[in-house]
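In the order they appear, the protein sequences are chains A and B. Residues in the first sequence are numbered from 1 upward in steps of one, following this note's numbering. Residues in the second sequence are numbered from 1001 upward in steps of one, following this note's numbering.
Any given hint could be a false lead.
Interface residues of chain A toward chain B, partial, derived using beta-carbon atoms under 10 Å [what the hints assert, rightly or not]:
1. 176
2. 182
3. 183
4. 184
5. 185
6. 254
7. 257
8. 259
9. 261
10. 262
11. 265
12. 266
13. 270
14. 271
15. 272
Hints listed in this document are in silico derivations from the structure and should not be mistaken for laboratory results. For every residue, glycine included, the Cβ atom is placed at its ideal position computed from N, Cα and C.
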Amino acid sequence: MLDRAPSTDTPVKSEATRRVRFRGAGFVPASSRFGGWIALALVIALWQAAGSVGLVNPLFLPAPSAIVRAIYELAMSGALWQHLSASLLRIGVGWLLGTAAGIAVGFAIGLSRLARSVGITFISALFPIPKIALLPLLILWLGIGEEPKIATIALGVFFSTAISVYSGVDAVPRNLIRMAQSFNVPFATIVRKVIWPGALPAILAGFRITASVALLLVVSAEMIGAQYGIGAFVLQAGNLMQTDQLLAGVVILSVFGLAVGKVINLLETRLLHWR
Amino acid sequence: MDLIANHITHRFGDLAVLDDVSFTVGAGEVVAIVGPSGCGKSTLLSILGGLLQPTSGAPELRGAPPADSLNPLTFVFQDFALLPWATVEENVEFPLLHAQLSAAQRRVLVEDALRRTGLTDFRQTYPKQLSGGMRQRVGISRALAVRPAILLMDEPLSALDSQTRELLMEDFVRLLADGGMGAVYVTHNLEEAARLADRIVVLSRRPGRIREVVTVPMTRTERGETAAREKLLALQNQIWSLIRHEAIDAEREVQHA
């Protein structure tokens, strides 16, 4: 039979005891659900109050209510949709073209020795160039229409996408690829069933970056050569010192960026639920 | 079907890893490979399974594989190598997707493999939701689904706690009991080797050469009995005495590396 120890082991009280100090707090930042929204509301309220009591010149910084009014008027006049649809079309087409090419080239670099040695050299040389600097050249090549603006966006998106895709392919655990090879799984199936899903987290993270790049470039391109588009609208408003309209354009861009972020969050939730 | 290591030598650059290793794994036979750390056990297994090209020599097969075998040489990996985005069922089905099988045939094979490894109730679970032992069961289930002639197991229990190891060892003994499937079992654990193998190939320190091939003088069923424990312990001690000094040297070498 086993000898059992007493079920409670009370310390001998012959000497004074002291509790071990807890040292494990902190370094686990958790964001509160509504904290960000409350902070944003507070800033807007302060901004509105400063404008209402005349602390800030409305020409330099229009109050939030003036910006909302400007957006409302833009929407009612139909100008908002005209500018927004022009920008969305350029972003959409440019982003899709750049993403498709970036995914194809990224996979080629990730999977082929020849493509890697050639591709990485070119990408390293061309990626740091500000793409907007190429717009005049693209206008020369492609004409004055939509094409150079779309090409500028596509170029910007292409490089970031290609980099995130080949980094994602490189990050796919080699043991999964060896496992598939050990079962004689064909190359195309390994790419489709192992490498693509394995690289997807990096590809989606890249989408988040390229969406911002596309937004940045569409505004820049429209400021250089466009009649319609949010960038053109912001530039015109600035030239006419219509700062409420200028900030209305900025708010619209910000909302667009937030919406794209939400869509990518949704995609991540749907496609990366296994993480 | 026999698997033959035919004078296998391998180097990684200037580093000689294996030197002229030859042995044969007969049909239905379980051969364990043991040796000091870094002696090339896993490298040898990768070469035997066709995942690594040896510098010289070759792995060879003799005889036809079983008619229903979809992948005669099948690995069970130390780190499980499960697709994290696929459920247990999808992981087990993965190696069957490219085989010329109907969906119904695939389902039968998957069902059978899941049943043999006790995973039927976990088919919709993702790997991250499973314990280490259950993950390795999925790895074993996936291997069984392709009806292998020889399992190539690379330290399949080393990432697991001792209780789970014991349970999975019982599973291995059961799965290999009928002699229908052979195995090459790479391990640093002499107890596992003595418990499971028909023969134990003892490799020397790097570059790995065969020091000795020890035959385990009892059936696997007998080894589970209490009376066999002393004999098995003596066998482990015998193998340990063969590699002890080299294991110490290998460990120091690793520490100074």
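Taking the hints in turn, this is what the structure says about them:
no. : hint : verdict
1   : 176  : 6 Å, holds
2   : 182  : 5 Å, holds
3   : 183  : 4 Å, holds
4   : 184  : 6 Å, holds
5   : 185  : 6 Å, holds
6   : 254  : 34 Å, violated
7   : 257  : 29 Å, violated
8   : 259  : 27 Å, violated
9   : 261  : 23 Å, violated
10  : 262  : 23 Å, violated
11  : 265  : 18 Å, violated
12  : 266  : 18 Å, violated
13  : 270  : 12 Å, violated
14  : 271  : 9 Å, holds
15  : 272  : 8 Å, holds
Violation of the numbered hints given earlier is confined to hints 6, 7, 8, 9, 10, 11, 12, 13; the remaining hints are satisfied by the structure.
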